[in-house]
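Visitor: So you can see what is in the structure, the chains are spelled out below.
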Amino acid sequence: MTAVELLPDTATSVVADPRGSHGPVRRGGALRAAVRRPGLVLAVLVLLLVLGWAFFPEWFTSRDPFTGVPRDKLTAPGAEYWFGTDHLGRDLYTRVVYGAALSLKATAIAVAVGFVAGTLIGLVSGFVGGRFDGVVMRLVDVLLSIPGLLLSLAVVTALGFGTVNVAIAVGVASVASFARVMRADVFRARTEVFVEAATVSGVSRPEILLRHVLPHALGSVLVLAALEFGGAILAVSALSFLGFGAPPPQPEWGALVSEGRNYLASAWWLTTLPGFVVAASVLAANRISRALDRDGGDFR
Amino acid sequence: MTASGPAARRAAALRRGGYGRYLARRAAQGVFVLWAAFTLSFVVLYLLPGDPVSIMLNATGDGVGVDPGAVAALRAEHHLDSSLVVQYLYALADAVCGDFGSSIPTGEPVTRAIAEALPQTLALTAVSFTLAVLAGGGLALLSTSVRWRPLRRVLLSLPPLGVSVPTFWIGLILLQLFSFRAQLFPATGNAGFSALVLPAITLAVPTGAVFAQVLAKNLAAAWRSPFVETARAKGLSRTHIQLRHALRNGSIPVLTIIGITVGQMLAGAVVVETVFSRNGIGRLTEESVAAQDIPVIQGLVVLSALVFVLVNLAVDAVYPLVDPRIGRLERRRAPQEALA
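Protein chains in written order, with UniProt numbering: chain E, 1 to 300; chain H, 1 to 340.
Next up, chain H with everything else stripped away, as it sits in the complex (with noise of 0.2 Å):
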């Protein structure tokens, strides 16, 4: 249901114009989010209980008998000493120009600081996106083509597993297992690949789980639907049905979770990297948090918006590509339009 939802609003946006008005669309919505994401942590980080400039003073060490004239002027600075509105196109305005403000703590601008952690997320994410989708992929695919029920019943129990485990406790595990006890891999740092492995399978198990889950519900529902019973009578192998029929079919839906699910795994990053100490988005996060940094932590959620309408906006353009019913849909209808 969830999978059929944007499905169809994607046909439904695609028939009403061309491909080109269909990606506009979908990439003005974007920008309605990223701007709506931005209002959100602004009204989330600035008007709940709390003073701003309380906030960053105690941050800062020297919250005790601050001078009210230093009060004052980190008041004026931010704007925090005019209206709300005013308060909020002020922020708005710099935001729109790339400009998130500066770390309370540090002063470094929150772009670069963000900027300089990115790489070694991506990297981090990039490998554990890839074996998400090959350990879900192939756990989905296996669970569906085992025949003898009890290991079938074993492989279909794995990914609620993957999904109720602590993302913090499978790498202190791994940890303790692969780099105290075995020592194959580094405990912590960012020096090369092998620090990257164990951050990586720690991030890509609930993921992957998530993965494996959608794709054997599908891959089941495929297997049930008409034409695989006519490959079936056509006396093809379950191999090939399988790989050609069920599996191109049954991983369409799949598309639609992967916005959702690069943002959990940028969050998801917070603990991995604390737990293996490593740099990264992840770990300015959790720094910032602790430090109650305002304006990091509000460029981090726009970042996270970002990726989120990125990702989507990938998906939207590639799914008429990958899903035929979608685009022959219009094909179909245009030349009775044309009469009419």
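Pulled out of the complex, with its shape left as it was, chain E reads as follows (with noise of 0.2 Å):
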């Protein structure tokens, strides 16, 4: 009930509703619900603003993210440059605008990358089941027991760096948790009582496991993709900071924040800003991602 209650409401608060018959009555849930929990709002904005910053960077700055001006070199933050401007001149701001579309663009494979590889790996093991299930499971908890960032950096080390083999390798390393999450929701759906009389009316077993057993079984990863997104970009600005990430021109949030580094003492903004940045798109994922796993646990 809540979650049909609140949760399309505070999407429906920043867009319009699309249905519009319910209009007035409609928006004004998603008011009350807006005022109970401005942080969720607050998270929501935030998100869409580094949505927008990565689809339609020309429209939040009119400056170039590569080109400088050497006079207005380490300018600090200010009417003139809103995140101050670096070594070359060139402006912080435009910078970080422009490297959300690279930041998000590797946290969307990473999240996709684990959903996919993990969620058919968990379909495929839950379903066989027997001695096939048992040794899969065995690896996951292989997977589990090493840290994801030192997977991620074996995983770099193998492929080469770039900002896309960086996405690969944050995402291979949250396959596991996907594949855990999966089969034990194919165990449940495989003993549901549809299923037993799908194979009783004599359905293949292919179409049993990707018609009924699988949209049953969705629910759950869904939510932990989700839940991945923020750890995903905590992820790749790790790589990137450490470097192997795109190389240096390219505006990578985490490697805008280590090419600050040889100005710690000087330049204060080079860090802190985009670090900010990274922190509260984090933060507003995370937000997000709580809201729907508390509100979309009742539709389970």
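No lab work stands behind these hints: they were computed from the structure.
These numbers were taken from a predicted model, which means no experiment stands behind them.
Be aware that one or more of the hints could be misleading.
[To be verified] Per label pair, the in silico range of CB-to-CB distance: (1) E:ARG36 with H:LEU236: 30 to 40 Å; (2) E:ASP293 with H:GLU229: 23 to 33 Å; (3) E:SER266 with H:VAL86: 51 to 61 Å; (4) E:PHE60 with H:ARG25: 57 to 67 Å; (5) H:PRO150 with E:LEU45: 17 to 27 Å; (6) E:PRO38 with H:LYS234: 35 to 45 Å; (7) E:SER266 with H:ALA290: 25 to 35 Å; (8) E:VAL69 with H:VAL146: 50 to 60 Å; (9) H:ARG25 with E:GLU192: 33 to 43 Å; (10) H:LEU118 with E:VAL164: 28 to 38 Å; (11) H:LEU306 with E:GLU192: 34 to 44 Å; (12) E:LEU42 with H:SER237: 36 to 46 Å; (13) H:SER277 with E:LEU51: 31 to 41 Å; (14) E:TYR263 with H:LEU118: 31 to 41 Å.
[Claimed, not checked] In silico SDA-like cross-links for lysine to any residue, where the CA-CA straight-line distance does not exceed 20 Å: (15) H:LYS217 with E:LEU292; (16) H:LYS217 with H:LEU243; (17) H:LYS217 with E:ARG290.
Virtual Cβ for every residue (Gly too), placed ideally from N, Cα, C.
Two chains, two frames, a set of hints: combine them into the complex.
Guide: Here is the structure:
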């Protein structure tokens, strides 16, 4: 009940109600929900802003992320340069705005890799069951015992550097948790009466898997995918900070912080502000996914 | 749910045999994890697209116009000219004897490189872990004891904040405030305890936040349980209940996440040691990845699995002693089994 009440409403408070017919009534509910949860509204706004940066950077800044004004190098934040400038006179705000596309692309790839691979492994393992399932789950346990960042680093070593490789590496590190959650849900769905009924009516195993088990087992993994977003932003930015992401002139968020390390004593804004943007995005993503987790739980 | 899973498995394992057999089974599982971690890292590092020999030659900087003889020699040295299975068996046999090969750029044996870096990181992790337990535990106790709602909400919102903030950013902010502005602590290096303070705090933030989250949740659950109601009915003070009853019950599930947490601290050291230019396992990892030094990376993956296994074995050993319910279950069952 709360899910139906709160979740779509907070979305409609920002985006117009697509159905329109219940307009005034629903919008009133949305306002009330928004007032009750100001943190969530703020999180949605932050996420929309960052998404806007990623898709339409030219709407948010008129400067170029790669060419600077040498005369204005290392200017402190102010009316002219909101986030200040770096050692080449490039506007830091512009670089953060353009960096959003790279960092969010990497995050999306990471979550997609973990989601697709993990879900497939969990689905097959849970459906086949038996000894095969035992072996796969032991492997998943082992993957979970290796810290995620270290696993990502090992994959990066093998694949080479770059934004996409970093994204894949971060995704690989989350495959195990997706597989485990998916397998648990497949196990639950498999014993449902309608699956038994489908089996008895002679529906083939692949069809049962895809048409009956998969839709019922997808809920928790989708919530997990939402939860993984914040973690993926963090992991991608950490690997980019360590210098394994895009090569230097590219304005990736972690790399921006890393570039600013040489000016820690003289230009605090070069590390502090891009890092703050990363922290705010992760916080927003986590806040939204927690709301989805809590409210989405009622659907299951 | 995640906390009850391992706990239930432990209880079941303990019921099946005595304490000794329980530990032996746990140790055997640990050996399996080690073997699997080795195999997994072998698969990832040697079988993914990308020729190890060309990576090695690129890493040493003479990738252009290499003598084919040198390539062949390097292949033979690493058994890369034989089949994959043979390569793997060679590597596994060496690893069992404690030989993980040598670093490609420096030629130093992997085990020695790791052994030299390990003490620094162990010191960092130990201090940081203590900090995380104290701060996280304190925060959880405080946030469940405070009854003034606004303060309680602020305290409860701190752990999610700690989990969301990038470690490298915390480190750099601490550096700016306490090394460059206030000049309280040295910015870089390994010298003495004062150089350990800022890195340890940085590394403790995400871990402490996780501890605080788990403990606060368990404390809240304990406060809703009947035994707390009984204690309150007896007229015990809230502080007494919190410390003697709720904390004892609430801290048991925290034990189960220690293994993962310590592993994550080792991984976190990669970022923290880079930020503070400290020597240690993290720095070694960062440098090895930058140089695509495959043997060292493999050694480090196995090391992290070893740490995970050892910490979990220690937790397994302590668990039945800390949680009397597991031991008592066994004792209660024993007479029935004797009768049957």
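Visitor: All hints are to be evaluated individually against the structure, with a verdict given for each.
Guide: Results for each hint:
| no. | hint | in the structure |
| --- | --- | --- |
| 1 | E:ARG36 with H:LEU236: 30 to 40 Å | holds, 36 Å |
| 2 | E:ASP293 with H:GLU229: 23 to 33 Å | holds, 30 Å |
| 3 | E:SER266 with H:VAL86: 51 to 61 Å | holds, 57 Å |
| 4 | E:PHE60 with H:ARG25: 57 to 67 Å | holds, 59 Å |
| 5 | H:PRO150 with E:LEU45: 17 to 27 Å | holds, 23 Å |
| 6 | E:PRO38 with H:LYS234: 35 to 45 Å | holds, 42 Å |
| 7 | E:SER266 with H:ALA290: 25 to 35 Å | holds, 26 Å |
| 8 | E:VAL69 with H:VAL146: 50 to 60 Å | holds, 51 Å |
| 9 | H:ARG25 with E:GLU192: 33 to 43 Å | holds, 34 Å |
| 10 | H:LEU118 with E:VAL164: 28 to 38 Å | holds, 33 Å |
| 11 | H:LEU306 with E:GLU192: 34 to 44 Å | holds, 42 Å |
| 12 | E:LEU42 with H:SER237: 36 to 46 Å | holds, 39 Å |
| 13 | H:SER277 with E:LEU51: 31 to 41 Å | holds, 36 Å |
| 14 | E:TYR263 with H:LEU118: 31 to 41 Å | holds, 33 Å |
| 15 | H:LYS217 with E:LEU292 | holds, 19 Å |
| 16 | H:LYS217 with H:LEU243 | holds, 15 Å |
| 17 | H:LYS217 with E:ARG290 | holds, 15 Å |
Hint violations for this structure: none, all hints satisfied.
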